[in-house]
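**Student:** Sequence:
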Amino acid sequence: MTMPVLIANHQKSVTINRLKKVYTVLNQAYKLSESENSDYIYWEKKDDIGATNFFNKYWKPYLNGASVCTSYKECGYAEEFPWKTMKGDRKNSVGVVDNASDNRISFYLSDGTFVSMSGAIYVDINGPQKPNIYGKDFFVFTHTERGVMPGQYSSSEEFIKQRCSKSNNYDAATCSARLIMIDNWQMTDDYPW
1122 MTMPVLIANH QKSVTINRLK KVYTVLNQAY KLSESENSDY IYWEKKDDIG ATNFFNKYWK
1182 PYLNGASVCT SYKECGYAEE FPWKTMKGDR KNSVGVVDNA SDNRISFYLS DGTFVSMSGA
1242 IYVDINGPQK PNIYGKDFFV FTHTERGVMP GQYSSSEEFI KQRCSKSNNY DAATCSARLI
1302 MIDNWQMTDD YPW
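The numbering used here numbers the first residue of the sequence shown as 1122 and each following residue consecutively.
Since the hints were derived computationally from the structure, they do not count as laboratory data.
For glycine and all other residues, C-beta sits at the position ideal for the given N, C-alpha and C.
Check before you lean on any hint, since a few could be wrong.
Listed below are the simulated EDC-like cross-link pairs for lysine to aspartate or glutamate, each with C-alpha atoms no more than 16 Å apart in a straight line [unchecked claim]:
hint, residue 1, residue 2
1, Lys1166, Asp1223
2, Lys1141, Asp1304
3, Lys1178, Asp1168
4, Lys1212, Glu1201
5, Lys1181, Asp1232
6, Lys1287, Asp1310
7, Lys1166, Glu1266
Across the chosen pairs, the derived CB separations fall in these ranges [what the hints assert, rightly or not]:
hint, residue 1, residue 2, range
8, Trp1164, Ser1288, 36 to 44 Å
9, Thr1173, Glu1278, 33 to 41 Å
10, Asp1232, Ser1156, 18 to 26 Å
11, Asp1311, Trp1164, 32 to 40 Å
12, Ala1241, Lys1208, 17 to 25 Å
Turn these sequences into a full structure, and let the hints steer you where they fit.
**Tutor:** Okay, here's the thing in structure tokens:
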């Protein structure tokens, strides 16, 4: 194997392991919260009580060492919209924080993983470090009655693979579903690395 192949394989392995860890941490926190606050379907809605209150009640007590940040600079990012598609285009649909309303809360886990929660859960497994690309270090999850699930988890395999691809300009929100549900925590040869 050549050195570039070895480096790429190592980067893929690190990505999978970090993604597994954050997926596990979030689901453990979810289950602990359910055990103290009742099932998710009975939780107060974020839109009714605000993201800050929702996080403080249902998530923060179960995420050891979670640290909230309230601006992209405080979160360590150089700009508000740092993430790019797999084609390299900047996506201005998801910013580091949402200062216009109490619709989303951003925080770091104790291991340095950046998480931003709204209706979706955005995860940057290495914080502001590069590459900041959907499907490489930035992934999307969602809250469900079953726990934290990959973004677009209920979509067809064909749809997920089409979206998690370098050949389109989607935000690749399906890449976590591809890695977790379709490719069984592996980056197969056709994964768009």
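**Student:** Evaluate the given range 17 to 25 Å for the C-beta pair formed by Ala1241 and Lys1208.
**Tutor:** For Lys1208 against Ala1241, whose Cβ atoms are near 21 Å apart, the range 17 to 25 Å holds.
**Student:** Tell me if the straight-line CA distance from Lys1287 to Asp1310 falls inside 16 Å.
**Tutor:** 13 Å, holds
**Student:** Quick one, are Lys1166 and Glu1266 close enough, alpha carbons at most 16 Å?
**Tutor:** 13 Å, holds
**Student:** Run the distance test for Lys1166 versus Asp1223: straight-line Cα separation, threshold 16 Å.
**Tutor:** Judged against 16 Å, a Cα distance of about 13 Å means the pair holds.
**Student:** Would you say the C-beta atoms of Trp1164 and Ser1288 sit inside 36 to 44 Å of each other?
**Tutor:** 39 Å, holds
**Student:** Taking 16 Å as the top limit, are the C-alpha atoms of Lys1212 and Glu1201 close enough?
**Tutor:** Judged against 16 Å, a Cα distance of about 11 Å means the pair holds.
**Student:** Keeping to a limit of 16 Å between CA atoms, is the pair of Lys1178 and Asp1168 held or broken?
**Tutor:** Holds. Lys1178 to Asp1168 sits at ~14 Å (cutoff 16 Å).
**Student:** Has the hinted range 33 to 41 Å been met by the Cβ atoms of Thr1173 and Glu1278?
**Tutor:** 37 Å, holds
**Student:** Given the hint that Lys1141 pairs with Asp1304, test it: the Cα-Cα distance must not exceed 16 Å.
**Tutor:** Measuring from Cα to Cα gives roughly 13 Å; hence the hint holds.
**Student:** Holds or violated: Lys1181 and Asp1232, Cα atoms, limit 16 Å.
**Tutor:** Status holds; Cα separation ~15 Å.
**Student:** Mind checking the hinted window 32 to 40 Å against the Cβ distance between Asp1311 and Trp1164?
**Tutor:** Since the Cβ atoms of Asp1311 and Trp1164 sit about 38 Å apart, the hinted range of 32 to 40 Å holds.
**Student:** Range first: 18 to 26 Å. Now tell me if the beta carbons of Asp1232 and Ser1156 are that far apart.
**Tutor:** Check passed, 23 Å falls within 18 to 26 Å.
Checked against the numbered hints listed earlier, the structure breaks none of them; every hint is satisfied.
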